[in-house]
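J.: These are the residues of each chain, in order.
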Amino acid sequence: MKTRIYIVALLFTATIITAAFAPAALILKIKGSDTVLPLSQKLAETYMKINTEAKITVMGGGSGVGIAAFLDGTTDIAMSSRKIKMSEKMKLQDAGKAYKETIIAYDALSVIVNPNNKVKQLTREQLEGIFTGKITNWKDVGGEDEKIVAYSRESSSGTYEFFKESVLANKNYGSAILMMPATGAIVQSVSQTKGAIGYIGFAYLEKTVHAMKVSYDKGATYIEPTIANAKNGTYPVVRPLYYYVLNKDAAKVKPFLDYILSADGQKVVGEVGYITVK
Amino acid sequence: MKYFLKKLTGKLIEGTLFLSSTVTTLTIILIVFFLFREGLSLFKHSPIEDGFVVAINSQNTVKKITSPQIMDIFDQEITNWEMVGGKNDSIILFRIDNITDYYTEEQMGDTLQHIPKLLSRLVDSIPGIVAFIPASYAGADFKGRILELDNISLRKFLTDKEWYPTAQPAAQMGVLALISGTLWVSLGAILLALPLGLATAIYMAEIANEKTRRVLKPLIELLAGIPSVVYGFFGLVIIVPLIQQVFDLPVGETGLAGSIILAIMALPTIITISEDALRTTPRAMKEASLALGANKWQTISRVTVPYAASGISAAAILGMGRAIGETMAVLMVTGNAAVMPHTLLEPVRTIPATIAAELGEATQGGLHFKALFALGCILFIITMMVNLTVEYISAKRKYSKR
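Going down the list, the protein sequences come from chains X and Z. As numbered in this note's numbering, residues 1 to 278 make up the first sequence, in order. As numbered in this note's numbering, residues 279 to 680 make up the second sequence, in order.
Worth flagging that the hints you see were computed from the coordinates, not collected in a lab. It is possible that some hints are incorrect.
Unchecked claim - Which chain X residues face chain Z? A few, computed with CB under 10 angstroms, are given here:
#1 T132
#2 E154
#3 G174
#4 M179
#5 T193
Said to hold, decoys possible - Distance condition first, Cα-Cα at most 30 angstroms in a straight line; then the derived DSS-like pairs of lysine-lysine:
#6 X/K164 to Z/K574
#7 X/K139 to X/K207
#8 Z/K439 to Z/K421
#9 X/K91 to Z/K322
#10 X/K171 to Z/K421
#11 Z/K395 to X/K97
#12 X/K89 to Z/K322
#13 X/K171 to Z/K395
#14 X/K49 to X/K29
#15 X/K83 to Z/K395
#16 Z/K439 to X/K164
#17 Z/K434 to X/K171
What the hints assert, rightly or not - Quick list of the computed label-pair ranges, beta carbon to beta carbon:
#18 Z/T378 to X/I50: 36 to 42 angstroms
#19 X/K120 to Z/P505: 36 to 42 angstroms
#20 X/E144 to Z/T382: 56 to 62 angstroms
#21 Z/T303 to X/I50: 55 to 61 angstroms
#22 X/P255 to Z/T378: 29 to 35 angstroms
#23 X/A182 to Z/L465: 25 to 31 angstroms
Every residue, glycine too, gets a C-beta built ideally from N, C-alpha and C.
Extracted from the complex, chain Z is given alone in its bound form:
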């Protein structure tokens, strides 16, 4: 009986453990599935929001128009049909809210029932018009011609540099500037944090005495507990003006400010993990090195650090992971201008900051919403690639050691 009970308890615990790991894995798979389902649905979509159309006069000779051209037309950069391959005629913009400029409330009818007829007449009477109107107003007897735009393609999404997700009528979804912004800031952060973090870790693991270590360690771990908003505010008030003065820039909100803040935030991770890795070096190996006549520094650089290499690269990757995904602190200090960065001393916009800043007002299921999910997919792919690289490198190291 007792034996049976023991066996049952064992089975139960085993079952619970199995269940928890299954649930965790399933959750992760579900999140990834949801992310990609929402994100990929962007690519079957026209850049015009659902339920709206862009219409022109039926006599207009323009056949094909691109979405950036539509944006330039509505920004009044393109003011003549000749510039997009049509006749020499100036472009007249019409948004549905302009209808009150042409017709009175009475003409629209008290339940607005006459609007479709009025719009049809208006588009038919002005040869140079381009009208951005709800699709429900352009029914079967609509006299204008509806412009068809190409769907958003993956290639355009990844290579275009213009990010105007809320531009009306045609949204511009080019994420190249955002991707390079994210990579610039993260790369800068890791270049700053890795040498500093590694040096601190070596000092704490090998050189510092027990007393110093006992003070330093909790202090460094405290850094990890500060909320990122506090880092962001600190960055905006202290680091941003400092960068502006030191480099004599017109603006201090730059990629570098983001990198510095992220480097500070990644330090605790890098230091703690690499210090632990350095400490796992067997005493016998270090003593053997010292016995062979190597001094302390030679022992550290030739024995301890190479032995801990896989742990250190894991630390670097986890730090990088934090840098790539960090939102709030970066949102506050990098300026968030969606332009292609050429140096770290220019404002940049990162992917996480974009998602955080814009998701609030994006209509659920709308074009903008889907674009933000597609950005999430890109972020996921970047971090996954970084993780795989590390996996690969550390696996190779271990293999060659044997």
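So that you can see chain X by itself, here it is in the shape it has in the complex:
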């Protein structure tokens, strides 16, 4: 019994000593978009399992928050679900900081309706009309005489911004649009409301709702929202997810970035429900 305690104690001290004298471990801080957050967490976890000396902290807060932290130098990597804005580029320029942009994965949005809805496809113009509040009845887009109930995310969400840019052509949402606090709540509401329409990330699709075909060429072709279509670029509502790194940190971040873009890293991307880069 006593010897066993000694062995444990010895091992313990040995661990502490090796830890103390080990070469400077890789410590990385990642901050930004809540959309990229689950993916970054999973990637960091798997990476730390392979490289036990690495230590990666991942924090959310939104794309804007991540890029602001990146500007202050309080994070090594800014994760973002949108491209860096002109105003942010300017600030980096003024501070004399050069940076590099890497696309780590793609996220696609699907427009969902209640499975009982007769309308199975819409054009971008029709979607714009619905979400800006101009079209309020399903009969105007080829369905039954039923009021349209449109669900959106709250304005704090990156998905809200992306949908506004891509589908609404930067116009504001109509004031009668219902705002839901979470993607799960949108799925729940659309599944139980007959005239409902909403938008969610591919990773959240469920059988209780129907994902619509959409057309970005005024109705010439309607594209089904599948991972394959998103990958080959025919499905239009796709956005890249970015990592931003300052050039001076490039060497430090490189092993992790290489891992993400490797086959193993991209496998994780697929497992989490996003679309791989290659």
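We have chain X; now place chain Z onto it with these hints.
T.: The following block gives chain Z in isolation, referenced to the frame of chain X:
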């Protein structure tokens, strides 16, 4: 010596008690001060975010433009300068990210140093342009004209119905729809919860036997311990579809769903406090009433309830307080559309839900951030007014009793 020690202990305890009450009061005053300082700073601000300007061609005859007009222009509702009092010329929108449509990367320069010159040239060359650009690009030699907008005023803030705090370039901060949403939901909740809560309290205090009471009381108190998110989820999955079917509505996320959830949440407070109040009625008063020939129901309605009236109104107010300030459950079931509600069967957006949903992404110290603090001030004023009313009513009651 012993006497001295005793005196010292007494003084020490007295000092500690005094200190705790001072600290509490100071904290409350500080919070209120902070809330109002942040909130009131909104009203010296232009509706355009700091560091940005809206510029037009210098030949453009439009002199004055309002912030809703700016929003309509950028939403392409207004497409001709004639509609805002200018010449007949179509409006061309320009956001800074559109610059790549007009100029190449090389023209901008490798450190983007040529952008101010390019923007100046662009705004000067297109007569119908309206450009939303960073203020740092519109320096002294900028050839366009910068549009000035009126600052956000308290009157506009309280009477406008449009809530688009993140609209670019001009944010629309009208909170009337949010205030009425909050009041509708709270009023509905108290109308549902008060009769039910009072009835339960009377039953428990006067009618139920000891055994029933011992089962009921902990069960009701358990209601108060359930987290509000659980109530919200329950509401979304059970109450929302139910309302939709019962009233045959296109959408179940309505003010009524919020009211029902809030009523359930306010019940434990109302029941516990009014039951305690009912129990304080002196036995002698009740027995006197019964001795005069009044039956049990007459005794309850004429003696017990009037005697406990101030306690019951306190219960109603505390319940109402919970309803007005509740966030999470309401956020999940009311639909949160910022439109003026006309009935309880429409989606509404409440003030607490707005603050909770939007504070996350609002830049600290920015326009949106300040607007949310101003909303907090309004919420504070509403609850304070409710509290004062109750204070006043119960004080009056006590006075007339003597």
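J.: Hint by hint, note whether the structure agrees.
T.: Taking the hints in turn, this is what the structure says about them:
1. Using the Cβ-Cβ criterion of 10 angstroms, the hint placing X/T132 at the interface with chain Z is satisfied: the shortest such distance is roughly 7 angstroms.
2. Evaluation of the X/E154 hint against chain Z yields a held restraint, the C-beta minimum of about 4 angstroms falling below 10 angstroms.
3. A distance limit of 10 angstroms between C-beta atoms decides the matter here; for X/G174 the minimum to chain Z is near 9 angstroms, and the interface restraint holds.
4. A hinted interface residue such as X/M179 counts as satisfied when its beta carbon comes closer than 10 angstroms to some beta carbon of chain Z; here the least separation is about 4 angstroms, so the hint holds.
5. Interface restraint check: X/T193 against chain Z, minimum CB-CB distance 6 angstroms, threshold 10 angstroms, status holds.
6. Straight-line distance between C-alpha atoms of X/K164 and Z/K574 comes to about 65 angstroms, which puts the hinted pair past the 30 angstroms bound.
7. This hinted pair checks out: X/K139 and X/K207 have alpha carbons roughly 25 angstroms apart, not beyond 30 angstroms.
8. A C-alpha spacing of about 36 angstroms is found between Z/K439 and Z/K421, which places the hinted pair above 30 angstroms, so the restraint is violated.
9. A distance of roughly 26 angstroms separates the Cα atoms of X/K91 and Z/K322; the hinted pair therefore holds under the 30 angstroms criterion.
10. For a cut-off of 30 angstroms, the pair hint linking X/K171 to Z/K421 stands: about 28 angstroms separates their Cα positions.
11. Taking the CA atoms of Z/K395 and X/K97, the gap is about 23 angstroms. The hint holds against a cut of 30 angstroms.
12. Restraint check for X/K89 and Z/K322: satisfied, since their Cα atoms lie roughly 29 angstroms apart, inside the 30 angstroms limit.
13. Taken as a hint, the X/K171 and Z/K395 pair is honoured in the structure, with Cα atoms around 28 angstroms apart against an allowance of 30 angstroms.
14. Simply put, X/K49 and X/K29 have alpha-carbon atoms about 17 angstroms apart, close enough for the 30 angstroms limit, and the pair holds.
15. Of the pairs offered as hints, the one joining X/K83 and Z/K395 holds, with about 24 angstroms between alpha carbons and a cut-off of 30 angstroms not exceeded.
16. Annotation: proposed proximity of Z/K439 to X/K164 holds, straight-line Cα distance about 22 angstroms (limit 30 angstroms).
17. Annotation: proposed proximity of Z/K434 to X/K171 holds, straight-line Cα distance about 23 angstroms (limit 30 angstroms).
18. Restraint check, Z/T378 to X/I50: a C-beta distance of roughly 40 angstroms satisfies the suggested window 36 to 42 angstroms.
19. With their beta carbons about 39 angstroms apart, X/K120 and Z/P505 fall inside the hinted range of 36 to 42 angstroms.
20. Taking the beta carbon of each, X/E144 and Z/T382 are about 50 angstroms apart, not inside 56 to 62 angstroms as hinted.
21. Roughly 57 angstroms separates the CB atoms of Z/T303 and X/I50, a value that falls within the hinted 55 to 61 angstroms.
22. For the pair X/P255 and Z/T378, the supplied restraint of 29 to 35 angstroms holds, since their beta-carbon distance comes to about 33 angstroms.
23. The given range of 25 to 31 angstroms is respected by X/A182 and Z/L465, whose C-beta atoms sit roughly 28 angstroms from each other.
Comparing the model with each numbered hint stated earlier shows that hints 6, 8 and 20 do not hold.
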